[in-house]
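Chemist: Following the hints, put chain B in place on chain A, whose structure we already have.
Line order of the protein sequences matches chains A and B.
One point on numbering: in this note's numbering, the residue at position 5 of the first sequence is 5, and numbering is uninterrupted.
To convert a position in the second sequence, counted from 1, into this note's numbering, add 1000.
Rather than coming from a laboratory, the hints here were simulated on the basis of the structure.
We put the CB at the ideal spot given by N, CA and C, even for glycine.
A hint or two may mislead.
[As the list claims (entries may be wrong)] If you want a taste of the chain A side facing chain B, the calculated C-beta under 8 Å gives, among others:
| hint | residue |
| --- | --- |
| 1 | Pro59 |
| 2 | Ser95 |
| 3 | His98 |
| 4 | Leu162 |
| 5 | Arg167 |
| 6 | His169 |
| 7 | Ala170 |
| 8 | Arg171 |
| 9 | Thr182 |
| 10 | Gly185 |
| 11 | Ile186 |
[Stated by the list, open to error] Footprint (simulated), chain A over chain B, 3 or more residues, beta carbon under 8 Å:
| hint | stretch |
| --- | --- |
| 12 | 1026 to 1037 |
| 13 | 1074 to 1087 |
| 14 | 1167 to 1180 |
| 15 | 1184 to 1194 |
| 16 | 1280 to 1288 |
[What the hints assert, rightly or not] So the derived label-pair ranges between C-beta atoms look like this:
| hint | chain 1 | residue 1 | chain 2 | residue 2 | range |
| --- | --- | --- | --- | --- | --- |
| 17 | B | Thr1377 | A | Ser53 | 48 to 54 Å |
| 18 | B | His1254 | A | Ser53 | 29 to 35 Å |
| 19 | A | Asp113 | B | Asp1313 | 45 to 51 Å |
| 20 | A | Ser44 | B | Ile1015 | 35 to 41 Å |
| 21 | A | Ser44 | B | Ser1026 | 23 to 29 Å |
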Amino acid sequence: MTDSAVRAPFHRCPPVPTDGADPVRRQRRLRAVAARYATAGPFSVDALCRVISAQRGRPLHVHPLNVPPSAGLNACGMWIATDVADHVFVEHRTSRFHQEHIILHEIGHMLCDHVTEDLPSALTDALRAGEVDTGLARQVLARTSYTTGQEQDAELVASLILERVARRHARALDDADSRLGTILGINDGD
Amino acid sequence: MTDLIQTVLLYLCWIVVIVRVTALRSRNQRPLWFALLMLALGITMLQKDTNAVIRDITGDPNFQYLVSSVMAVGVAATLLTFAARAAEVRISPWLRWISCGVTVFVMITSYVVFTAGGGQARPHFFPVPGTLSILDLYWVVYLVYLGIATVVTLVLLLRAFGRVRSWLVRTPVLLLVIGSVGFTVFIGSRFVAVFGGVESAVAFGTYVSSPHTIGVSLGCSIAAFVPLLLGWSAWRNANALYPLWKSLVTAVPHIALYPPRARVVDALLPQNSQLRLHRRLVEIRDGMLIMNDWVQPADLAQIEVFVSDVSPDLMTPMTTACWLKVAIAVHAAGLPMATDPLDLVREGGTDGESELTWLRSVAAVWTDPRTDRFATTVSETRLAAHRM
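If we strip away everything but chain A, and leave its shape as in the complex, we get (with noise of 0.2 Å):
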C-alpha cells in the first residue's frame, strides 16, 4: 500500500438507489453493460479483468477466499476496492466455471458502479488476518444472497456476460467459420 493510500480517511458512500421501481429499465441497462464486456471474439475472464483494471486505471487482484465456515460470513465471493486496487476475492473449492462466474459478479459491482453501507463485522474478523486492510477498504461487498438491488444487478450482470458467451460458444466457430456466420447471421444476438 501507498503512504497516501494508508493516509487516506476512512469513509464510506451511501448506496446507490436502484432502479427497483422500473424492472424493465433495469434489466435494459444490465443487458447493455454486459453487451460491452462479452464482446466478440475469445472471452477469458482474465482478459476482462485486465480490461476492467485499465478502464479503473489501478490493478485488480484475484486471490483465493480462505474463509472457515464458522466465520459465518456465508460468502463465496467479494470485492474490497482500496484507495491503489481492486480486490476480488473468490471462493477456490468449487469448479473453474464457477470461480469465473463469481469473478464476474464482483466486476459487476463495479461496472454498475455499486457501494455498500457496512463492513460486516463476520467480515472484519476474517479479513484481520488477510492481506488487505480494513481501513483502507473503500467498498466491501460479498456474493452472499440476492436480497438486495445491487446483489441481483450484479448476479445479473455475471449472468448476462456468461449466457452471451455461452451462446457464441454453442455455435463453435473458429475465425472463418465466425466471419461467414456473420454473413449468414448465425451469430445474430451476439
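Modeler: Quick look at chain B alone, frame taken from chain A:
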C-alpha cells in the same frame, strides 16, 4: 404435382423472408435476404391466381414470365455477391451489377419490342422454333447471364465450403451448393426447351429447379433457426437439471435469483432458456458449496461403500448426488454444520459446457432409486447418531 410443389415453395419462401427481415440491418446479410425476397416474388409470379390477376391488370399473358425472369436474374446476382464474400474473392461491383443491369435492360427492351410488334410466342413465352426474332435475344441474354452467374457462384461456394469446419456454417453453404447445382441443370433444360422445342424439358425444369428454391430458401434462412435450435437445447438441459436444482433452491432459497417455478410452468415457458440454464448451473453450484459444510467424513465413507457396486462411470456422480441428498436431509433436520467439513465441490467444469456435462451426470442419477436408498440410509444413520 408441379402446382403443389410451387405452392409449398411459395409458403416456405415467404415465411423465411418475413422471419429473416432483421437481416436488412446488416450490410453483410442483405444479399441473402434480397435473394430470398426475389425468389419469393418470382415464385409468386408463377402461381395461377397471381397469373390471372396480372393478366387482368396488364392484359398480357406473358408479363408474368418477364417479372419472374427478372427476379431470377436478381437472385443469381445477389447469390453471386454472397458467394464472392463467402469465398473472400473480390469481384468488381461494376462487373457484377452492370452485367446484371444490362441483362435486365436487354430483357425488358426485347420484351417491349416483341410485344409491341405483336409477335407470337409459344407457351411460357418461348420463341417459335424455326423463326428468328428479338425474343431469341431475350432468351439468349437471360440464359447466358444465369448460366455464367450460377456456375461462378457454384465454384465460389465450393471454395467457401472447403474452408469452413462447423456444420452450423457448412450446412447452409451446402444447401446453396445443392441449389446452384439444381439451377445449373435447370438452365440447361431451359436451353433445350427454348431452342430445341422439347416440351418435356419444361416439366423437367420445374422439378430440377425445386432443389434450387429449397436450397436457397433454407440456406439463406438457417440462421433464423439457429437461435431456436440453441434455445431448444438449453431448454432441454435446464429441464434435465430441474429436479437437482429444485431440491437445492428449496433447501437454501436465498441462492435463487428468481423464485423457482413449478415443473410444468417451468417446462412450458421456453423463453430465455440460455440464461435460465446458466442460472441453474450457478445456483446448483452455490447450493453445493453451502451443502458441503453439512457432510461429515463418516457420511462420505459410508456413501463410497454403497456406490462401490455401481458401474464405474456412475460412481462419482452418484457419490455427489448421495452426499448432496444427505446434506439436504441433515440441513432440513436442523443439525449443526459439520465440525470438519470436507472439500467436495471442486469436481466440475472449466467452462459452461463441461460444467453442464458434469452436473447433467449428477442430475441423471439424482432420481435413481439407488441414490435415494443410499442417501436415506446414510442420513438416517447421521440423524440417529445426533439423537443419541
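Chemist: If any of the earlier hints don't hold here, list their numbers in rising order.
Modeler: 1 and 15
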